[in-house]
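Chains as they are written, first to last, in the working numbering: chain A, 1 to 206; chain B, 207 to 369.
FYI, nobody ran anything at the bench for these hints, they're computed from the structure. Check the hints yourself; a few may be wrong.
Each pair of labels, with its calculated beta carbon distance range [claimed, not checked]:
#	chain 1	residue 1	chain 2	residue 2	range
1	B	E322	A	T166	15 to 25 angstroms
2	A	K4	B	P246	47 to 57 angstroms
3	A	R48	B	G226	19 to 29 angstroms
4	A	E106	B	A353	52 to 62 angstroms
5	A	D7	B	H334	19 to 29 angstroms
25 angstroms max Cα-Cα, derived SDA-like pairs, lysine to any residue [claimed, not checked]:
#	chain 1	residue 1	chain 2	residue 2
6	A	K4	A	Q165
7	B	K364	A	I59
8	B	K212	A	G60
9	A	K4	A	G164
10	B	K249	B	R266
11	B	K267	A	E54
12	B	K212	A	D57
13	B	K303	A	L87
14	B	K364	A	E110
15	A	K4	B	A264
16	A	K138	A	I65
17	B	K303	A	E140
18	B	K303	A	N53
19	B	K212	A	I59
20	B	K303	B	K291
21	A	K138	A	N53
22	B	K267	A	K100
23	B	K303	A	L108
24	B	K364	A	L87
25	A	K4	B	G265
26	B	K287	B	G217
27	B	K249	B	S292
28	A	K202	A	I137
29	A	K100	B	K249
30	B	K303	A	G60
31	B	K364	A	K202
32	B	K267	A	N53
33	B	K367	B	A337
34	B	K303	A	A130
35	A	K202	A	A130
36	B	K329	B	T295
37	A	K4	B	K364
38	B	K282	A	G26
39	A	K202	A	R18
40	B	K247	B	E279
Remember, predicted model here, so these are calculated numbers, not experimental data. Built from N, CA and C at the ideal position, the CB exists for glycine as well.
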Amino acid sequence: MKIKNYDELTALEIDTLREVGSIGTGNAATSLSQMLGCEVRITLPEVRIMGYNEAIDWIGGPEAITAGVLVGISGEVNGIMLSVQPLEFVNLIIRHMLDKELASYEELEELEMSALVEIGNIMISTFINALSGLAGIKVELSVPSMAVDMQGAILAVPMAEYGGQTDYLMTIGSNFMIDNREVPCRLLLSPDVRSLNYLLRKLGVE
Amino acid sequence: MISGSKPVVVGIADMKMVNGDAKVITYALGSCIGICLYDPKLKLAALVHIMLPLNMEAGRKNPLKYADTGIRETLKAMQAKGAMKSRITAKCAGGAKMFEVAGKGALGNIGQRNIESVHTILKMEGIHLVAEDVGGGVARTLTFDAATGMATVQSYGKPVKTI
Chain A
1 MKIKNYDELT ALEIDTLREV GSIGTGNAAT SLSQMLGCEV RITLPEVRIM
51 GYNEAIDWIG GPEAITAGVL VGISGEVNGI MLSVQPLEFV NLIIRHMLDK
101 ELASYEELEE LEMSALVEIG NIMISTFINA LSGLAGIKVE LSVPSMAVDM
151 QGAILAVPMA EYGGQTDYLM TIGSNFMIDN REVPCRLLLS PDVRSLNYLL
201 RKLGVE
Chain B
207 MISGSKPVVV GIADMKMVNG DAKVITYALG SCIGICLYDP KLKLAALVHI
257 MLPLNMEAGR KNPLKYADTG IRETLKAMQA KGAMKSRITA KCAGGAKMFE
307 VAGKGALGNI GQRNIESVHT ILKMEGIHLV AEDVGGGVAR TLTFDAATGM
357 ATVQSYGKPV KTI
């Protein structure tokens, strides 16, 4: 069977991935809602297959500072999952959990950092749990890791990791609606190309 | 070739060449490396933004994505504009490790491998590396001024560095 690259997926396959994104993000929203003690809904999930520079434009330019929590996925499916947390999202979390507000990322201290890592980790784990249940696959997750830096460099991590296989970055995810406001917390799943094909087979398409 | 005061932007897996009083810039180098190649006599500067150490693709559709083919392609383009390899010098920045991930093999080491590959290729091509700001764990924005041959590196929360 031919291994399909990101840009060769059919509409049915994209729809299936969107469904995975919907269920995964939905579960992540539920766990976020429990942690924050408020209603969290999700916007329509998207599957995006973008060239590198297109992806940087999509996230809002290369130089803006953002927080990113990264978890490596290995086992039957290999990939990277990122929780990209803009300041608006960070403040929402910190306000609910620690009753504080930050003017910039430079004010982040250890306690706030570990709260963000934990939030990112729980959302990613819930997402992956839903995915592995849906597809009947076993995966292991790495210890989460956090970086606060230019978002272009954070997004370049999954690009570089799979750069030898493809010229595209695939992301599956959506934004959250918290307190009836859309908050751009991006949960991004980037599977490697082989894993993507395996996943689609397991999900019964392809 | 483009001249003027506004810096010419180099994307990921991309290369731009300027001369005279123009500048080139590439944003948010994480594990990627920006390599400035410069012929001082012609004031001809090229900046290539590479992402991975070695090109092992069958089709080699995108040579600028890799350190080896990216640097060679850039040198060729400069020579086509009259640059002499013996005069060309290099400055580079990037190769950081953005995330510390425990127990997941090669992830996060791409920056280090990129640095090693850039060093090797420059040595093989006989290009003198005059300055660099590589490694560490922060993203860098790299600007190169074709008029002066100076590069500036800007990182988040740090003063601007001139190399």
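Here is how each hint holds up against the structure:
no. : hint                                : in the structure
1   : B:E322 / A:T166: 15 to 25 angstroms : holds (24 angstroms)
2   : A:K4 / B:P246: 47 to 57 angstroms   : holds (48 angstroms)
3   : A:R48 / B:G226: 19 to 29 angstroms  : violated (39 angstroms)
4   : A:E106 / B:A353: 52 to 62 angstroms : violated (34 angstroms)
5   : A:D7 / B:H334: 19 to 29 angstroms   : violated (40 angstroms)
6   : A:K4 / A:Q165                       : holds (11 angstroms)
7   : B:K364 / A:I59                      : holds (23 angstroms)
8   : B:K212 / A:G60                      : holds (21 angstroms)
9   : A:K4 / A:G164                       : holds (15 angstroms)
10  : B:K249 / B:R266                     : violated (30 angstroms)
11  : B:K267 / A:E54                      : holds (18 angstroms)
12  : B:K212 / A:D57                      : holds (20 angstroms)
13  : B:K303 / A:L87                      : holds (22 angstroms)
14  : B:K364 / A:E110                     : holds (20 angstroms)
15  : A:K4 / B:A264                       : holds (16 angstroms)
16  : A:K138 / A:I65                      : violated (34 angstroms)
17  : B:K303 / A:E140                     : holds (22 angstroms)
18  : B:K303 / A:N53                      : holds (20 angstroms)
19  : B:K212 / A:I59                      : holds (24 angstroms)
20  : B:K303 / B:K291                     : violated (31 angstroms)
21  : A:K138 / A:N53                      : violated (33 angstroms)
22  : B:K267 / A:K100                     : violated (50 angstroms)
23  : B:K303 / A:L108                     : holds (20 angstroms)
24  : B:K364 / A:L87                      : holds (20 angstroms)
25  : A:K4 / B:G265                       : holds (16 angstroms)
26  : B:K287 / B:G217                     : holds (22 angstroms)
27  : B:K249 / B:S292                     : holds (14 angstroms)
28  : A:K202 / A:I137                     : holds (8 angstroms)
29  : A:K100 / B:K249                     : violated (52 angstroms)
30  : B:K303 / A:G60                      : holds (22 angstroms)
31  : B:K364 / A:K202                     : violated (47 angstroms)
32  : B:K267 / A:N53                      : holds (17 angstroms)
33  : B:K367 / B:A337                     : holds (12 angstroms)
34  : B:K303 / A:A130                     : violated (30 angstroms)
35  : A:K202 / A:A130                     : holds (14 angstroms)
36  : B:K329 / B:T295                     : holds (11 angstroms)
37  : A:K4 / B:K364                       : violated (43 angstroms)
38  : B:K282 / A:G26                      : violated (51 angstroms)
39  : A:K202 / A:R18                      : holds (15 angstroms)
40  : B:K247 / B:E279                     : holds (20 angstroms)
Figure legend: structure checked against the earlier numbered hints; hints not met, in rising order: 3, 4, 5, 10, 16, 20, 21, 22, 29, 31, 34, 37, 38.
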